[in-house]
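Participant: Construct all of the structure, not just a fragment, from the sequences and the given hints.
Quick mapping for you: the protein sequence lines, in order, are chains A and B.
At position 223 of the first sequence the residue is numbered 223 (the working numbering), and the sequence of numbers has no breaks.
Just remember that the working numbering sits 1000 ahead of the position in the second sequence, which is counted from 1.
These aren't lab readings, by the way, just hints derived from the structure by calculation.
Small disclaimer: the values here were computed from a predicted structure and weren't measured.
No residue lacks a Cβ here, since even glycine has one placed at the ideal position from N, Cα and C.
Treat the hints with caution; some may be incorrect.
[Claimed, not checked] Computed from the model, here is a short list of chain A residues facing chain B with C-beta under 10 Å:
hint	residue
1	G133
2	T231
3	G237
Number of protein chains: 2
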Amino acid sequence: MIQTPYLLFLGDAPDQLAAKVAQGIKDWRPENAVGQFRMPACGTTVGLQDMTLEEGLAAGAKTLVIGVANRGGYISAEWKEILVSALNMGYDIASGLHNLLRDENELMAAARVNGRTLFDVRIPSVAYPIANGKNRTGKRCLAIGTDCSVGKMYTGLAMDTEMHARGMNSTFRPTGQTGILITGGGVPLDAVIADFMAGAVEYLTPDNDADHWDHIEGQGSLFHVSYSGVTMALIHGGQPDALILCHEPTRTHMRGLPEYDLPSLEALRDMALPIARVANPACKVVGISVNTQHLADDKFEAYLAEVEARMGLPAVDPFRQGAARLVDALADI
Amino acid sequence: MIQTPYLLFLGDAPDQLAAKVAQGIKDWRPENAVGQFRMPACGTTVGLQDMTLEEGLAAGAKTLVIGVANRGGYISAEWKEILVSALNMGYDIASGLHNLLRDENELMAAARVNGRTLFDVRIPSVAYPIANGKNRTGKRCLAIGTDCSVGKMYTGLAMDTEMHARGMNSTFRPTGQTGILITGGGVPLDAVIADFMAGAVEYLTPDNDADHWDHIEGQGSLFHVSYSGVTMALIHGGQPDALILCHEPTRTHMRGLPEYDLPSLEALRDMALPIARVANPACKVVGISVNTQHLADDKFEAYLAEVEARMGLPAVDPFRQGAARLVDALADI
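Facilitator: Here it is in structure tokens:
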């Protein structure tokens, strides 16, 4: 586990999109961040208090989290100077960048000298077991999508947050680097060796209290030919009791696959349920989460109502409307 | 690619089961092996001519292939002495053992000094791409199973062999270490990083002549929760035109999963076809391959006849009956 709280490194992020990871931490685990660190060239903010490295330490920060994508795909000399200073001052560093911290000699040397840890969360740090498929105690909910990047992580975080607000017993279980940095732990499933994918998901979602819900972060899509194997392993390793179908209605083709149309929500339901029931015969599809950000304010409610009537399931945009009705839908499980 | 022909190292294999890889090479690619090398303690044979390392070289062997499982899960001092001699004499060495050749200092040193190559076929040697899902020319056939280890590799090899005997244009495409050693190349799919599984299968089965068939070696099962993600990537990466359903009728539960029953052939067909049609809308289930080794000589034909009538598809045991009717079933595709 990455030690919290964090100081969020925004570096020289030109805009909000580049600071997506920091924004996710600010939105979902504000208690995990004491402030933000910006370089002079930074063109955005996540709205936290600006701090120097020294001020972050004084506020209790244990880890400097790279909350930003790196320009050009390499770790610049300017970044490195700051990161080495942080290690010298006693910070751990955590990163989801493709370029690994551990591949930078200066950072490795400074971490060793100071006894600090570099967390490259894209790389598994655990030798996961082969899945054994044994039935586990507690409840699990998995968001699956008609496509990649349709709001599965957001849906899981929103349902977990709603449950906590109600005093219910739940945990968000990250399976990608953004989710791992937001919560401090999880499994970078897309980087796991094929034979151990389902076992990694079992490891992530162990036996739990009978009233406890895991909200497992979804990945890929059963209909996305590049990543469907990862989705399959999530369904069979997670043995979910409940599935939430996620959709983005304005997309014209599968992400990165211009020749592939999106499936209907019906097609997703009909493919996913028999698959899920291999591992958990009681699994049900309980609700629909729609990312309506590209639908106008006067259009999205009509769309959701149409989906809800057609599918016979609650259909909500958790960003616009909250996840209350999705959590309500778990009550019967 | 591993250089052929091989000398097959049987080492101190106690019995035929331990020499499974060597037997596979002898059965399916006899032209790839000049002979077998046995240590004094060896308790089995694959029926090839016994040769010393020198005799193997004289017969043209380029690579010493470890055709046997290692006792105790480590590479013994006795083995190492022989393997180092082979490297010194000019052999490459290829192995599918869990213990990697490259992790043995003596072998690495001898390979370096002599400019030879150590092939650990369990480990990918290529940086596979992310799958792009683009439609490819040529035809592809994939064997999928109700369970693991029900004869998928055997089915693909038998169909490929039958096609060659008929003068047809086909290639067996291995996805596991035994198949890779048999043919000299392939993708060790269970060791590929999750994000690249489907891309590895695309890489393995590229554009080809319109009349060419790839017989893709299947892995796992859509119903085997430990490995179903690998199977999924095979189906979406392979974009098969034809599926063969494989089954072993006497198995009482899924391999390694005592709590899981085997699915029916109907359930396998009904789950697999919609999945396969995501990548190839024209995909059909064309035949059934049954491993009847545990059915008596007076029972297996009645069983196959019953399956054939029930499923409306040719049902054969390619080991007992040959793969001719499965190849015939591809004619309509």
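Participant: Under 10 Å is the threshold here; is the Cβ of G237/A close enough to any Cβ of chain B for the hint to stand?
Facilitator: holds, 7 Å
Participant: Using the nearest Cβ pair, does G133/A come within less than 10 Å of chain B?
Facilitator: holds, 4 Å
Participant: If you take the shortest Cβ to Cβ gap from T231/A to chain B, is it below 10 Å?
Facilitator: holds, 8 Å
The structure is consistent with each of the numbered hints, conforming to all of them.
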